[in-house]
Amino acid sequence: MVDVGTIAVYRRLIGARVRSDFGFRASFAFRLVSACVITGLDFAVIAVVFTKIGRLGGWRFSEVAYLYGACGVAFSVAETWIGGVDYLAVRIKQGTFDRVLVRPMSALGQLATEEFALRRIGKLFQAGAVLVAALVAIPVQWTTGRILMVPVTIAAGAVIYGAVWVATAAISFWTVDANELGNALTYGGNYLTQYPITIYSAWLRRLLAFVVPMAFVGYFPSLYVLGRTAPSERFGLPSVVMFSSPVVAAAACAVASAIWRVGLRRYRSTGS
Amino acid sequence: MAQIELVDVVKEYSVWHRAGRVRRQRKLVRAVDRISLSVAEGELCGYIGPNGAGKSTTVKMLTGIIVPTSGRIRVAGKDPQRQRIELARRIGVVFGQRTQLWWDLPLADSFDLLRHVYRVPHDRHRANVNAFIDLLDLGPFMQTPVRQLSLGQRMRGDLTAALLHDPEILYLDEPTIGLDVVSKARVREFLASVNRDRGVTVLLTTHDLTDVERLCTRLVVIDHGRLIHDGTVAEIKSRFGDHRTVVVDLEEAGPPLEVAGAEVVGVDGPRQWLRFDRQATTAAAVVAAVAEQAALRDIAIEEPDIEDVVRRIYSGDAASTPDLRDDPSRA
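Protein sequence lines, in the order shown, are assigned to chains V and F. Start counting the first sequence at 1; every next residue gets the next number (the numbering used here). Start counting the second sequence at 1001; every next residue gets the next number (the numbering used here).
One chain only, chain F, in its complex shape:
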């Protein structure tokens, strides 16, 4: 059963522009443009896109904070617009930039308050808190006021806070933003275990593509409010990552090689990087052509990493999406 379902969801905002001294002109901006998406129970779905692509707007609609202009949304079978409070008991939300915790109180107090806000039975709450203290090593700062926590500690606290009421669905908006490498790894490990062991459906919004590669079974990419890719990480690589790079170590340093169908993208002494299109040629042909021109010592083939792929998507290289936001006909 689909836990999260969006059908033709549109969200438009009015933006007021200054036109003259006092007069203002209204302009309609489409933050989310006919997105349809279905996330099954137990999925861990990455939701990525450049700044302003409409990610946060989507998460806000899914939580019922804002309502869509048109289209249909169902979360756990409920309409977030009409059943916000009922739904709130079944979802957990982490906004990476803003804490849900009580700023001036010890972390333990926030957890206790949330037990009451969500009316979690005492035993269940105790068991959850203890489990999360172990998983996230919260023990040393449970009695520290939240404002004194480091960013990593606070994020661990926020993750716990979002999960104490056993939500079926967890929305994460940039949960690793600003964290150091160790904290990031720890958060990822934790999310994977929450998804695996508790069966929580996770929708993860992030800029950190390592998050996506390590965690997500599925990747949804949006840009300018439109869904431009929905599939596995491998699929996106093969769809948008048609290029491979052959790294050759030559016996001697030389000028850039000239190989049909490939392009030298880097030279470092005897090492050269040759990028080629898989549709046009093969790695074997490129290596053979290089071997004809120079003495080869070693070769390696680099797969495109997700970062490259997404950078290309964002820059408009791979997908052709018209820029709706500046379309004057919508104004």
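Okay, chain V solo, but in the shape it has when bound:
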């Protein structure tokens, strides 16, 4: 379905968006810097908390920093590449969503690439820096498995975030007033995953593990990387969940694409 030619077209659509953004250099630079600062503040909060307490949910500062960094990198990749689907509500309101439907390409692909957000990449730098520092600082015995798990965590995490993004953006096909709910799940989800989920109450843990699979973005695979106790001891879950992120990512994609398609069908039957 997606051949080399299609990817080349998407690359050009992304290029067009980036050139458009560069047309407003000062604004672009400002957004880039402010994204770094704002997300940096998130981490500052964590650092402040650790000046008062030694451990959070049993995790050291460097371990939480690793979790924060891995989730942050995954999130910012998803935000940059697919976060543009947020604009669905605006596009539907303005009637400019229709233009992607008269073109011979996937509506989702066009929306994501036309709204590709390079300006959001500021978070990538910030979270990337935290991740590198944390990888150096965490006291683990590095094995091949653990080393490989880091990029797998990030890739699967980015896909899971992306799926949540698409699924929540698709709500706009039903109502264009529910964008806030979508943001609550994407940005809110990212915020929650920065901490070990053991600090949350049981219902929130279950929500993150089973409904919106955010626990698979950071927490479960990090247990393996950090050499911490298997989740079976705390959650009653088999230790295989530590390695399940790619499977969960694939499932999340399937669910998100189904929601998107049902939504698009609904939009095309109501046109409003």
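There could be a bad hint or two in this list.
Each pair of labels, with its calculated beta carbon distance range [unchecked claim]: (1) V:V255 to F:W1103: 28 to 36 Å; (2) V:F28 to F:E1303: 58 to 66 Å; (3) V:G40 to F:H1122: 40 to 48 Å.
Keep in mind that the hints were calculated from the coordinates and are not lab data. Everything numeric in this text was worked out from a predicted model, so none of it was measured. Where is the CB? At the ideal position from N, CA and C, for every residue including glycine.
Go by the hints and put chain F onto chain V.
Coordinates of chain F only, in the frame set by chain V:
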């Protein structure tokens, strides 16, 4: 072969009305009501109707943006609902109110992006762009960001954008809206040439009846979602324009004349306008009656213009279409 074919097409929307504080009541609105229409290859068909008549809804169904509630649609032999992407390569769409171009990029960049989106071979694309630069005089603003273009320039850019992939069918939704007289004339000239020289089938939605008179071989009128006329411009005039007006210049100004079968609709000094029904009397009889009453200097007979005719259709004067939208039995 019919390029555009609609058979008994219906489109219903649900509209939610406030009923009480929180409760809402659903109401079914029929935007398009059993329209059947067939447009042949190479036709330039005007599609007109008052606001809310269902014009845009029809165009959206033909492009596959929305799907009909019932009925059958074929465009270039394809079902727009199921074969949207395949069909998209063969149709061009211009929405007068919304641009298809990349807002912050030079016009030339939009054309180049569209070459990739529609996968047009390089040579073909180059030839088309050059042809349209000549036809529409795009040269001076090819490197200008679209957001800085005037409305007329942008429309010329949008027309080009819709035609770069050599579509067989072109839908135009209000292409002359907001344009000045010169730009309008230029757009019309261009559309006529695209239809004539490239054999593109054109469906033109407009409020501007001059567009229709200058361009269209065929005119389809819809109102309240229903097709109320389908024929040539001459036919619609003879069907709905039964009235003629005789303009008489008298030797002296006087009170309004009294002529059987005619009605004075205007007086300006010695000039009077007398409207009559062609079924009831003739121009000759009206002129003769006037000559009996006053000294005539000059006479002229005015044909109804399409604008008058359509105004009468819209106001419900000429056609009797029940107002389905407010029909409570459909709620």
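How the hints compare with the structure:
no., hint, result
1, V:V255 to F:W1103: 28 to 36 Å, "holds, 34 Å"
2, V:F28 to F:E1303: 58 to 66 Å, "holds, 60 Å"
3, V:G40 to F:H1122: 40 to 48 Å, "holds, 47 Å"
In this structure, none of the earlier numbered hints is contradicted; all agree with it.
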